[in-house]
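A.B. asks: Sequence:
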Amino acid sequence: MRVVSLVPSVTETLLAWGVDVVACTRFCEQPTLRHVGGTKDPDLAAITALAPDLVVVDREENRREDAEALLAAGVPLHVTHVVDLAGVAPMLAGLATATGVTGAAGAAGASSAPDPATPAWGPATSTWASAFVPIWRRPWMGLGVATYGSSVLAHLGVRNVLTDDDGTYPEIDLAEVARRAPSFVLLPSEPYPFAERHLAEVSAALPDARVLLLDGRDLFWWGVRTAGALTRLREVLQPSG
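Read in the numbering used here, the sequence shown has 241 at position 239, and its numbers run on one by one without any break.
Not one of these hints is a red herring.
Cβ pair distances, simulated, as ranges:
id : residue 1 : residue 2 : range
1  : Leu79     : His37     : 17 to 25 Å
2  : Thr165    : Arg140    : 22 to 30 Å
3  : Leu79     : Ser185    : 40 to 48 Å
Everything labelled a hint here was simulated from the structure, so no lab data went into it.
Ideal Cβ positions, reconstructed from N, Cα and C, are used throughout, including at glycine.
Could you put together the complete structure from these sequences and hints?
C.D. replies: Printed below as a string of structure tokens:
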């Protein structure tokens, strides 16, 4: 099956399963694959010309109008949408079915993201800390509660200082964040490319918080990396020694 993936985490998962991914977006971090635009601005003509057996899109990553245009062109679609850890396993199972992944690869895909209540990635940790996760700078925007990344942190015992009332990705002033007194400010490498040069600015605004850099893929990409991401994030938040 020839697949075009417009979802970075799905591209990573499909390649790990051995699926024939013929094209992806420039944000998928796969330089050897053909790129067909970005997640929000895919090259629809190029995708259609490839005549793929399936195009994978995501309800949040991609635009509805692009998905509808592909459908109108007769391109088969598979839609993903994950908002918490509990949704990873069934979404992977559906993805495996849609792409014809069976046998050892399918089993590997399923076991990479079981229900979080199972021992494969352990039970949730009791809440021991709180965090603010900015996803953008100037204006500052934060990771809301009803998101996959927030669910990952909750599983690790870290409460999001934002609430349901704040929205999914709200704009928020750092002074307001300081009033909520997070234990951590976690600066992910994406979607905004936070780096060491931003540490001083954030630390000055939130002097009582521990400011850490994170690989944004571990916090936001679900799929075959989920189990390993939980381990890596746990090590960052609770370093031994």
